[in-house]
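**Student:** Assembling the complex is the task here: the two chains are given apart, and the hints tell you how they should meet.
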Amino acid sequence: MLADDAVLFREGTARVLIEAGFEVTGQAGDVVELLDLIRRDPPAVAIIDIRMPPGHSAEGIEAAVEIRRMSTDVGLLLLSQHVETHHAMRLMTEFQGGVGYLLKDRVSDLATFASDVRRVANGDCVIDPELVARLVDKKRADDPLADLTERERSVLALMAQGRSNSALSAELYLSGKTIEAHVRSIFMKLNLPLDAGDHRRVLAVLAFLRS
Amino acid sequence: MTMEASFAGTRSGRPAADCDAHADPPGASHDGRPRRARRIAPGALGLLCAALVIGGFSLGVHLPNLHNGLIAATFTAVGVFVVAKRPGNREGWLFIATGLAHAVMFFGRQYGFAAAATNQQGDVLPGAAWVTWVGVWPLPLVLVLSGVTLMCFPDGRLPSPRWRLVVVVMVAAGALLSLASALWPVEYAENSLAVSHPLQVGGYETAQRLFNLMAPPSYLLFQFAWAACVIVRLRRAEGDEARQLRWFVYAVAMGAATMAVGLVAFGSAIPGVLAVPVVALAAGVAIVKYRLYDIDPVINKTLVVGGMAAIITTGYVAVVVGFGRLVGVEPGPNPLLAFAATALVAIAFEPARRRVQRVADRLVYGNRPSPYEALARLSTQLSHGRQHADLFSGLASTVADGVGAAEVTLWVGADEELVAVASWPPPADRGSQIATAPRTLAALGRDGRTHVRPIVHQGRLRGGVTLTKAPGHELTASENRLLHDLVAQAGLVIDNVGLGVELQHRLREISVQAAELQAAAKRIVTAQYEARRRIERDLHDGAQQRLVTMALSLQAVSERAAAIGDQTLAGKVEQARLQLSEALAELRVMARGIHPAILTQDGLEAALGFLTERAPLPVQLDVCLERRLAQDVEATAYFVVSEALTNAAKHSGASSIAVAGRLRDGRLWIEVTDNGQGGADGHWGSGLQGLSDRLATLSGRLTVDSPIGGGTRLSAEIPCG
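As they're listed, the protein sequences go chains A and B.
Every letter in the first sequence is one number past the one before it in the working numbering, and letter 81, counting from 1, is 185.
Every letter in the second sequence is one number past the one before it in the working numbering, and letter 208, counting from 1, is 209.
If we strip away everything but chain B, and leave its shape as in the complex, we get (with noise of 0.2 Å):
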C-alpha cells in the first residue's frame, strides 16, 4: 500500500542523514551500502514516477485525471529535489510518496481511459480491469497522505504530538473507503470510467450507498484537517518556519484564486488544475531556498494588484451596469459611459492605490508605528535606564518599525571600528549572525541597497545605522525625517550606554576595593587587639605574678632579717618591697589601659562598669546587654567609652555623663552624652579619628553630635549579628 511505503520511506529518512554526519572512513562496506541506497532511492523513484506519468500521457490527455499527473509530476520532482539537497527532511520523502502515489492512480487511470477509448474501437488492452481497479481505489488512502504530507510542511513532523489522532482518524476512514473501493466500483462512475471492475462482489447497491453516504464527510475532514493545522502553524510559527509557511500558504491561496476565477469567469477547472504545480514548486523553495527569496513584498504586490483589480472592475461594473441603469441607458456597449467609467478609474486609481497600498503593507509586515510613536517608544526606553543590550536591541526594532525596514543593524564605535551591537530582526530569528569584525562606515553601505546613517554625537562619530527595506520599496520622505530623528537620538543613547557601562565598571572596581580595604582594616585592628589581649595576659601570668613572689621573697628575707636582729637591714628590704608593690600597682594600671582584663573574663557590660568606677567624674551608667558579643565589638565599644570619657573629663567642663548601652536589631547602640560646653569638633582630633577608623572596619558607625554650649552626644552603632 502506498501509505505503508511512504511511511518507511520517511522513516529511513533520518539514519541516512546520521549517517552523513558521521562521516564513516571510505570503503566501509557495512555501511556504504544502505548509504549508497539512500543515495540511489530519491532517483530510481523519481525515475519510476517519470515512467508512470510519461507513459500515462503516451495514453492521451484526459481532463478529469490530469491534475493527478500533474501533482505526480510536480510533488516527485519536488521531494526529490529536496531530498537531494537535504538528504534528512522527512517532508521530502513525504513529497515523493505524494507524487509516487498520485503517479500510480494517474497512469492506472490513463490506462482505463485508453481501455474504454478502443474498447470502442474493438481492440482490447491487456489487463485493463486490474490497471484501472489500481488506479481508483487507493484514492481514499493517497488523499489522506497529500493531506499528512501538508500537515507535516516544512519538517515533516507534525506540529504536536496531538495531531497523531486527528491522522489515526484520517487512515481509519481513509482505509474503510479505500477498502470498499477495492471491492466495489463504487468511484468509477465519478471518475467516467467506462471500465470494469475486475471483482464481481455481491452487495453494491448497498457499498455505492454508504459510500456516497460516507466519501464527503471524509474528503471535507481530510481538507479541513490540513487547513487547521497549517493555520495552527502559521500562528505559531516564527522566525524561518514563518517565512517557510507564508511560502506555502501564498502558493495555495493563490492556486485557490485561480480555480475560483477559472471556475467563475471561464466555467473551467483547467486554471486551477495547472495551478498545482504552483504549490508543489512553492513548497519546495520554501524548503530549500526560503532564505534566498523574501516572499513577502511578493505578497504585498499581489495584495495590491489583486486589490486594485477587484476595485476597478467593480467600479467600472457599477458605473457601466448601475449608472446606465439608472438614468435609462441601454444595457450594451455605450462608449460615453466606458468613457465616463475610464476616466472616473483613471481619477481615482492613485488615492485609491495608496490605500490600498497602506492595508497592504499593514496585512504583511504588521502596524507600524506613527513617526511620534517611534520617538516616544524609544524615550522611554531610555528612561527607563534598561541593560544596554536590550537598550540597542530596542533601538534597533524602533527603527525598523518606524520607517518599515526589512533588516537594521545598529553599529557602534568610533570610524573604522565600527562593531553591529545589535540587529532586527533578532538574530535568533534571522539565521545569519550578526558580523562581528568591524568595518567603516564606508564599508556598509558598500551593496547599495542598504540605507546607511553615520550616528554623530557632539560632533564625534559614535556609531552608525543601516537599513535595507523590501525590494521595490524606498524611504519615503517622512520615514527619511523619522530615521533621521531616531539617528539623532541613537548618539544618546550610545553616549548613556557608554557612560553607564564605564560607570558600572568603575564602580565594580571600587567596591572590590572597598572590600578589600575593610578586611585588611578588620584584619589589622583584630591583630591589634589580639596583640593587646596577649601583652595583658602575658603581663599578668608572667610579670606580675613573678613580682608577686619576688615581693614574698623580700617579706621572707625582711623577716628572716629582724629575726636576726639586723633591723637595718630589715627596714631597707621592707623599703624595697613597698616600692615593688607600687610598683605592681603602676604595673595594673598600665595592663589595665593595654587592654582590660575584665573585658576579655566578664564582657562588655562588667568592663563598662570598671570603666565609670575609675572616671574622674561622676558617670550615670545604663547598659544593658544581655549576651556576650564579638571580642572585635566588644574591644572597640569600651575602647569608645573609654575614649569619650577621657575626652569629656579632659576638655567638656562637663559635671556629668551618661552612658547607655542597648543591643536592638543586631546592632550594639552605645552613647555617651556630657553637659559641658560642646563644640568638641575641634579638639578631639586624632582620637574620635582613631575611634571612627576602627568602628568602620566593623561596618559601624560613629556620630558626634557637639552643638556649642550644648553638651556632647557621641553615639556608636556597631552591626554584632
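Isolated chain A (complex conformation) (with noise of 0.2 Å):
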C-alpha cells in the first residue's frame, strides 16, 4: 500500500517494488483516501508520506497513529524529504515495532528499500541510516561515545537504525558470538540496560543518542 500526494514519485516507488517482487494493493493521494483503502483491504506494509495534504506538516504519522489503532498487522513505513530525531523518537515510542522512517531517497536503493519493507512487515523496525549518523557524530561535552572503539561505533549505528544482531553480523561479516559481545560491551560503556526486543533496544539507543 502506497501513500504520497506526488503522483509520480508514487508510480515510480510501485514499480520498484512491484520489480522487487512486491505486490502494490493500492495507492493513495490522501489520509482519507488511505485509510478507506487499509479498512477495505489491510496490506503487510503501508508506506507513507510524512506530509501531506491538507497541511502538509505531519499528517502522515497521524495517518499510520490511526492504522495501528485498526490493525497492528499492518507495518507502516513512513518517507519523508527530511529525517528528524523526534519523529523518530516518537514513532519508536508510539508503535511497538513494524515501523520505520526513512528519507525517500533511500526508494532508489532498490536492495536495502526492498530489505527495509520487508524487516517493517516482520515487525523490525528501520531508521533511516543518515539521521542515526548525525546522532553518532554529534559532539558531546563528556562523551561517553569517545570510550567506544571504531567497531563498537559501527554496530551501534547499525542498532540505532533498528538491525537486529543476525543482521547485523551479515552486514559486518563477523560472527554472531562477536557481535553479541559488542553489543553487550556498548551497552555496558553506556549505561544502557539489556535488552533482547529489538524495538525497545532501537528505543533505548536513540534516546541514549539524543540526550
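Derived by calculation from the structure, the hints in this document are not laboratory data.
Remember, predicted model here, so these are calculated numbers, not experimental data.
To give a feel for the contact side, a few chain A residues facing chain B, derived at Cβ under 10 Å:
1. THR117
2. SER161
3. SER212
Which chain B residues stay away from chain A? Per the calculated CB distances, all over 12 Å, these:
4. LYS86
5. ALA228
6. ALA238
7. LEU493
8. GLY679
Idealized CB from N, CA, C, for every residue including glycine.
**Tutor:** Right under this line is the structure:
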C-alpha cells in the first residue's frame, strides 16, 4: 500500500516495489483515501509520506497512528524529505515495532529499500542511517561515545537503525557471538539496560544518542 | 387681578422674541398682528400708567401714598425701557406689571385722599368708595408681585424650581389677605383713609383681628423671601449675572441706608421713599447696560466714603462729648474741643483712609495676594509643567491678582504680530472674545487707560502684558515693581511653552515616523520569512520530489541494463543515481538553511532540537514553550539561535553551549550561552546587527554580554502576546 500526494513518485515507487517482487495493493493521494483503502484491504506494509495534504506537515504520522489502531498487523513505513529525531522518537515510542522512518531518497536504492520494507512487514524497526549518523557523530560535552571502539561505533549505528544481531553479523561479516559481545560491551559502556527485543533496543539507543 | 395680568404678560413675552428671531417676510398678516401688538403693548401700558400717576398727582401729594406713585412711575418706565431694548426679557414685563399694579393702587388711594378732603368741604367725588377700594385691597398681592419681581431679577426666572414652592406660599397668603381686605375695611385705618368701604359685610371686628394677626408675618415673609433669594443668587452668581446683581444690591443697600439715615437723622421716611426710584433705575441699568458701567469702583468709593464718614463722625462725637464730659467741660459748643477734634481728625484722616481703602478693596475685589505670593504661585505653576493654555491663563490671573487689575491680557509673538493667548477675567466671564487679530505693541496701549509691558526674554520681544485697572485706580509703585518681576518671569513662561510645543510637535512626528518605519520593517521581514517558506516548500514539493522520482527512473534503467547484460551501462547509471542522491542530500541541507520545514511543521521547540543536533559543538538544550508562537516570532528566535550557534562554533573557541528558552509574561526569552573566550562584540559584525534588526521589527530586544575571557551570553526577548 502506497500513500503519497506526488503521483510521479508514487508510481515510480510502485514500479520499483513490483520489480522487487512486492504486490502493490493500492495507492492513495491523501489520508482519507489511504485509511479507506486500508480498512477495506489491510496490507502487510503501508508506505506513507509524512507530509501530505491538506496541511503538508506531519499528517502521515497521524494516519499511521490511525492505521495501527485499526490493525496491529499493518507495518508502517514513513517516508520524508528530511528525517527528524523527534519524529523518530515518536514513532519508536508510539508503535511497538513494525515501523520505519526513511528518507525518500532511499527508494532509489532498490535492494536496501526492499529489505527495509520486508523488515517493517516482519515487525522490526527501521531508522534512516542519516539520522543515526547525525546522532552518533554529534559531539558531546562529556562524550561517553569516545570510549567506544571504531567497531563498536559501527555496531551502535546499525543497532540504532533497527538491525537485529543476525543482520549485524551479515552486514559486518562477523560471527553472531562477536556481535553479541560488542553489543554487551556497548551497553555496558553507555550504561544502557540490556534488552533482547529489537524495538526496545532501538528505542534505548536513540534515547541515549539524543540526550 | 393684577397678578394674573402680570403672569399673562410675562408668558406671552417669550414668543415675541421667537417671532423676531424667525424674521418672517414683511406683510405676513397672521404673524404681523401679534408682533405689532407686542410692540405696542409696552407703550400702551406705559401710557396707562402715566395717566394713572399724573392723574393721581393732580389730586395732590399725600405722603403715605407717595411711594406708590414713585414705584409706579419708575418701575413701569424701566420695564418699558427694558422690554423695548430686549423684547424677550421677562424681567422687563415683571417690572411693567409691578409698576402698573402700583399705579392702580396709587390712583385709587389718591382718589380716596382727595375724596376725604372734598368730603369735609361738602363736595362728593363720584364713586369715591369703589375707586378707593380698588386702591387698597390689592396691596398684599401687589407686595407678592413685587417680591417675585425682585426674586426673578435679573433674567425674569426663579433661581431654581424649588423656589416655586415659596412663590406658591406667598401667593396663597397674599390672596387670603387681599380677599379679607376686599370684603372688610381692614387696611383703611392703617393707611389714614377716611373713605368708607363700599361693602357692608358683617363680622368686621373678627376680620380685623385676624388680619392684624396674619398680615405682619406674611409681609415679613414676602420681604424675607426676596431678600433671601437675592442673597442666594448673589452667592452663586458668576460673570455677567454677578455684575448685574451687584448693581441691584448696591441700589437696594443705598436705598435702605438712605431710609435709615432719614429716619434716624430727620425722623422722616421721605428720603427713603425718594430713594425708591434708585432701585428701579439700578435694576434697569443692570439688565440693559451692565457692560457699559462697572459698579465695583462705585461700591468701593461708597464704602470708603461711608466708612470715613462714620469714623469721622464717631471720632468727632467721641472727642467733643466723651472727652468733654471726662474733663468736666459743660455740654454745649466749645471751640477748644471742636478745634482739638478737628485737628485729631485731620491727623488721623490719611492713615484711616488708607486702611479703610484696603478693607474696601478686599471686600470688593477679593483677597489680593502679596507680591511674594504672586511670584511663588507663578513659579509653582511653571514647575508643575502644566498645559501651556493653563500656564498662560495662570500667568494672566496671577498678574491680575497681584496688581489688582480689572482686566489683563497676555500677548505672545514678535512685534507687529502679537496674538492674545490668555486674558483675565476668562473670556467666558467677560462677554467679549479675545481679539485674535495680531497687533503691534504700540497699538495695544492706544486707548490711554491700558498699561502695556513688553515681555523681553534674552534680548528678544516675546510678547506683552496689557492691563487696565478699575477707573480711578493707578498702579502704585509696589504694584509696578511686582508687575515688572512678573513680566520678567513671563518671558520664561513663553519661552518654555514655545519649546514645549515645538518639542511635543517634533516628538509626535518622530513617533509617527518610527511607527511607520517599524511597520515597514516588519512587513519586509515577514515577507522575507514568507518567501523563504515558499522557496523551501517549492523545493520540497517540486525539485526534491522530481529528483527522487528521477532517481527511481535511473534505478529502473540500471535494473533493465543489468537484465539485458550490459553491466557497463548498469554501472554508469548506478553512478549517476548515486550522484543524484548526493545532490539530493545537498539540496536538503540547502532547503533547510533557507527555512527549516521542521519550524513550520513542528514549532520552535522541535526546530531548536533539530538545530542543536546538527551543531558542531555539544549543546545543552533547555527549552520549554508549551505552545506554538506566531510564525515571525518562531522564525526570528530560530535564526537568533542558529546564528548564535554558528558564531560560537566559529569564533568563540567554546567547548559547550547552552540554549534556554521560556515563555514568561507574554514574552519569549531565548538565551544562548557559551564558555568561550568572550569579547564577541567585535567579530559578530553584521550577523548580529541583522538579528538585532529583525528583533526590533517585532519590538524585541537583543542583548549581548561578552566580557573578554568570560564567555558570551546572548539573550533575545520577543513580545508574543
